[in-house]
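Chemist: Sequence:
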Amino acid sequence: MTIVLDIEGTTSSTESVHVGLYAYARPRLGAWIDAHGDDPAVRAAVAEIGAATTEEAVRILHEWMDGDVKATPLKTLQGQIWAAGFAAGELTAHFFADVPPALRAWHAAGRGLAVFSSGSVASQRPWFRHTGYGDLSVLVGHWFDTVNAGPKREPASYARIAETLGDPAGLLFLSDVPAELDAAAAAGWRTTGVRRPGEPNSRVPFGPHPVITSFEEIA
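For the sequence shown, my numbering assigns the number 1 to the initial residue and increments by one for each residue that follows.
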């Protein structure tokens, strides 16, 4: 079995991303765009934003951040800025205490591990690498985001991931978002809702999906 992990609200607190990481990236977006104009990924992100100037692009990006819009150009630029912050030692990823030992135990037992997050792969890898629990990225075999898989609330995205990971019946998706679990289930995956106390989705109904409050509850 391969276990596929959401990040925000599942392995890590939503606040650590929406407050910590967003606050780090927000004032750096304009300078990053101007300093990395030769980077094809940056050029593509700016072109997709459709702004005439850096100032206009930053305004749009800030609006997306304020509205928690899962826009690919925003995720691309944030991911690059966060990766640089982690590499510089200015950022450290947050993980719930039950997560690192569970990941290590699952990996040792031969279970595959993958990540599917709306955050770009460029931000996922350093998030798992720079933690207070050591480098967890070495435990993860595959990384998926909205670029290489698709939107997290569409069954087609999970079908696409299964083309890489194998039989959907052997895939377990852990997420705190019922709509994402619904999409994974529609694609034939096994699913489990993660209800973290104090998280934004801690009180939402998970419908037919099994629910846990800690990774320790997964055998």
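In case anyone wonders, no lab produced these hints; they're calculated from the structure. Remember, predicted model here, so these are calculated numbers, not experimental data. Do not take every clue at face value.
Simulated DEER-style distance windows between Cβ atoms [what the hints assert, rightly or not]: (1) Val147 <-> Ala105: 29 to 35 Å; (2) Pro210 <-> Asp39: 41 to 47 Å; (3) Gly89 <-> Val211: 34 to 40 Å; (4) Glu15 <-> Gly141: 33 to 39 Å; (5) Val69 <-> Val138: 29 to 35 Å; (6) His18 <-> Ala219: 29 to 35 Å; (7) Asp68 <-> Glu90: 31 to 37 Å; (8) Val138 <-> Gly50: 36 to 42 Å; (9) Asp34 <-> Pro210: 17 to 23 Å; (10) Gly207 <-> Thr53: 42 to 48 Å.
No farther apart than 20 Å at their CA atoms in a straight line, the calculated lysine to aspartate or glutamate pairs in the DMTMM-like style are these [to be verified]: (11) Lys70 <-> Glu90; (12) Lys70 <-> Asp98; (13) Lys70 <-> Glu217; (14) Lys70 <-> Glu154; (15) Lys70 <-> Glu15; (16) Lys70 <-> Glu199.
We put the beta carbon where it would ideally sit given N, CA and C, even for glycine.
Chemist: Does the beta carbon distance between Asp34 and Pro210 stay inside 17 to 23 Å, or does it fall outside?
Modeler: 48 Å, violated
Chemist: Honestly, do Gly207 and Thr53 meet the 42 to 48 Å range at C-beta?
Modeler: Since Gly207 and Thr53 have Cβ atoms about 46 Å apart, the given range 42 to 48 Å holds.
Chemist: Can the suggested window of 33 to 39 Å be confirmed for the beta-carbon pair Glu15 and Gly141?
Modeler: 28 Å, violated
Chemist: Would you mind confirming whether the straight-line C-alpha gap from Lys70 to Glu154 stays at or under 20 Å?
Modeler: Holds, because 14 Å separates the two Cα atoms, which is no more than 20 Å.
Chemist: Can the restraint linking Lys70 and Glu90 be considered satisfied, given a maximum Cα separation of 20 Å?
Modeler: Since the Cα atoms of Lys70 and Glu90 sit roughly 24 Å apart, the hinted pair is violated (cutoff 20 Å).
Chemist: With 36 to 42 Å as the target window, see if Val138 and Gly50 comply at their CB atoms.
Modeler: Roughly 39 Å apart at Cβ, these two residues keep to the hinted range, so it holds.
Chemist: CA of Lys70 to CA of Asp98, is that 20 Å or under?
Modeler: 27 Å, violated
Chemist: Given a hint of 29 to 35 Å, does the C-beta separation of Val147 and Ala105 actually sit inside it?
Modeler: 31 Å, holds
Chemist: Could one say that the CB atoms of Pro210 and Asp39 fall in the range 41 to 47 Å?
Modeler: 43 Å Cβ-Cβ, so the 41 to 47 Å window holds.
Chemist: Keeping to a limit of 20 Å between CA atoms, is the pair of Lys70 and Glu15 held or broken?
Modeler: 16 Å, holds
Chemist: Taking only the CA atoms, is the gap from Lys70 to Glu217 under or equal to 20 Å?
Modeler: 30 Å, violated
Chemist: Val69 and Val138, beta-carbon distance inside 29 to 35 Å?
Modeler: 32 Å, holds
The structure does not agree with the numbered hints 4, 7, 9, 11, 12 and 13 stated previously, though it agrees with the rest.
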